[in-house]
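A.B. asks: If you want the building blocks of each chain, they are given just below.
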Amino acid sequence: MKKLLLQLDSNRVPSAFDEVVAHDGGADAVMQRGGVTEGDVRDLMYGCIFTRGPKDLRNTAVFIGGNDMSVGEKLLAAAQKAVFGPFRVSMMLDSNGSNTTAVAAVVKIERAVRDVRGRKVLVTAGTGPVGLRAAGLLAKAGAHVTITSRRDEEGERARSNIQSRFGGDVAMVCMRNASEAAHVLDAVRPEILLNTGPAGVLLVPRDAWSKRQGLVVACDLNAVPPLGIEGIEVNDDAKGRDDVTTFGAIGVGGFKMKVHKACIARLFERNDALLDAESIAELAQGLQA
Amino acid sequence: MKKLLLQLDSNRVPSAFDEVVAHDGGADAVMQRGGVTEGDVRDLMYGCIFTRGPKDLRNTAVFIGGNDMSVGEKLLAAAQKAVFGPFRVSMMLDSNGSNTTAVAAVVKIERAVRDVRGRKVLVTAGTGPVGLRAAGLLAKAGAHVTITSRRDEEGERARSNIQSRFGGDVAMVCMRNASEAAHVLDAVRPEILLNTGPAGVLLVPRDAWSKRQGLVVACDLNAVPPLGIEGIEVNDDAKGRDDVTTFGAIGVGGFKMKVHKACIARLFERNDALLDAESIAELAQGLQA
Amino acid sequence: MKKLLLQLDSNRVPSAFDEVVAHDGGADAVMQRGGVTEGDVRDLMYGCIFTRGPKDLRNTAVFIGGNDMSVGEKLLAAAQKAVFGPFRVSMMLDSNGSNTTAVAAVVKIERAVRDVRGRKVLVTAGTGPVGLRAAGLLAKAGAHVTITSRRDEEGERARSNIQSRFGGDVAMVCMRNASEAAHVLDAVRPEILLNTGPAGVLLVPRDAWSKRQGLVVACDLNAVPPLGIEGIEVNDDAKGRDDVTTFGAIGVGGFKMKVHKACIARLFERNDALLDAESIAELAQGLQA
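Residue numbers (the working numbering), protein chains in the order written: chain L, 1 to 289; chain C, 1 to 289; chain B, 1 to 289.
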């Protein structure tokens, strides 16, 4: 019996990234759907749960993606609502790579500092899918997290979402651009610096972070030059730079791929797995980074 | 050479149900297309018939689905118009599971009563895809069929469509809701009662059918509580209840899946199979229900 | 590792033709996307190049199709812009079968006349995807090419596009319909006549071409009656008719399929192949026509 992955994507044109990884993670065929809205989900889920016997349903699974995290969360909720009793299939949420990328970065950081509890963390541009998940996982693990946003309102909304979803200690400061970075780092005095800002945007100049008292780890998830944290290189993977352990987007990316593929494989081991931030983080703990 | 199934779906987001069954029925790959209109069909069919030699064309087939039966019929007509001479592929119409579900129910009923010729049949809410096909097949087999509809005009249109498509004896009575069921059953005095109404809508209260003189079989295709015929359970499969043989949606559903998969397999045995209500019914006769 | 072909189609409903040939050409799975615009391409390409290690990237490739050649060219340009360094995958452009069909016809013609250099060629209705590519390849090979168009402006635009893309000697004459064919052939005095006009439209009556002084080859790519060059039959494959060597759409079509499939196979031999008109022509030279 073939392992079938239903890829529900909120984007009009479904992600090629997610479809490739679905294949490489062990799906025999991918049933991709684009432009999926909440209203489409119930019938698509019925198509999953009513076509194979309960004992065979671990060979069908659902992956939810797309650029918009909040839409992804709604699709996941609708999918969970459609299943019942033995009629259920495993599901995974990873809008824009949010969970797998965030988990990979957080695990790398945790292994570098041993324990994030009580540590001050600054997540620059922490309002996107990856930033939201990374900040949440770090806060939940006991770190004191501060996210930055270009706009107060958007930042406060993100901060509040993270706190209600993950709990823990989360603050927000406004940082409009790279010229304000030194000032923000002076105020927050982070031990861990994580950039989740957009591709090709420099947010933290080298002067703002290198040789800064107390900074232990700096991780930049922007892969497209100019990078987000000046001086870090994309291939950095626990590289020592000015007494700071640094990670670049590709240094983290290899582990992200490993986590993502392991998640796909996990979906087909049972018919009731639910892979979201916390469960993906747990799964990643068992993998070699 | 791979067995390729082109899934033409009139819905914007193509059915997951049909794609899963396509895989399980033997297709090596499914080429699914959503939002398909009549105007799209010719070139899609040319893509099927002009890409492999006539002797290999039995490895390509077309499945037509979507919620709307009348659109499905138009897509099938357009597909038939595009093929010619040795340049043809097998095709199947099953909008919303209409044919396979109707056939499964009708075969179950026929096996319970031996012969439907001359029998009075009442199909409640018989204006949907499944009701239209089931009523037609029963009328064609010689039963005296009455369908109900909430609205006179819609009911008459459905009745007329069934008669012109399948022939036989088809009547229609208006039945607005469950409170009118006893009255309708008094008038029609059915030996066979089949509910094809919407999910979660009770149409025939227990008092209206149980221990009713002459009623032999009652079959309810609604799988979502409240069920359509009160007192029948979804798993009923030739269950005896108050001297009536009853069938529920899951009791019929297992056979429907078997029919559907056998149809997919049949499509790839030759390059000119046409699977619509009658031919699917014929195929189902050879299967163990 | 599966060979994955990302099929980017500018049409709303992606081509079935291209997907079937992708499978038959060696792709293990086809990731088809419809309604693709320039703006969608970058992220789709990132999904290709960032999901597998550089050494494995020859197992991922991109096919660009759709009815509109100029959109196809833009999608290809956008795809090329997205790849860099070792992060690249092979790509092929074949909007509406333009390149593979044109190449197949041109190779057939070249083998019939040995050398097209200095030969006068008339391409009727040469403004569509196939005509543009065939005229360009013939001009580049040294033929004196004249295309016809129903409208002066459109014809001049096409002529200018061909010349700037392929170089060589390209002229245009207006030919509104079949009644003007004899006059146009009198003026151009072609040694090679190629019709790339629409399906079911006769453009060159028999009197206009048969036994015409100097005409050596006539090739008609219209497969739907009435054919474009009266007197040629679809299965003609170097058939002698009135001292002219003739080719019909199916006579060319078999070789077109061979070229198309060989292109798909080539895509997966390395991760930096670029298959457009010239490189497809080169590849076809090595195949038996």
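These are computed hints drawn from the structure, not numbers from a lab.
Some clues are possibly wrong.
Stated by the list, open to error - Just a few of them, taken from the derived set where beta-carbon distance is under 7 Å, the chain C residues facing chain L: (1) V13; (2) S15; (3) F17; (4) E19; (5) V20; (6) V21; (7) H23; (8) G26.
Beta carbons are placed, not taken as given, at the ideal position from N, Cα and C, and that holds for glycine.
A.B. asks: Take the hints in turn and mark each one as holding or not.
C.D. replies: Here is how each hint holds up against the structure:
1. V13: 5 Å, holds
2. S15: 6 Å, holds
3. F17: The hint holds - C:F17 has a Cβ within 7 Å of chain L, the shortest such distance being about 3 Å.
4. E19: Hint on C:E19: holds, closest Cβ of chain L at ~5 Å, below 7 Å.
5. V20: At about 4 Å, which falls below the 7 Å cut-off, the nearest Cβ of chain L leaves the hint on C:V20 intact, so it holds.
6. V21: Holds, about 6 Å.
7. H23: 5 Å, holds
8. G26: 11 Å, violated
Consistency with the previously given hints fails for number 8 only.
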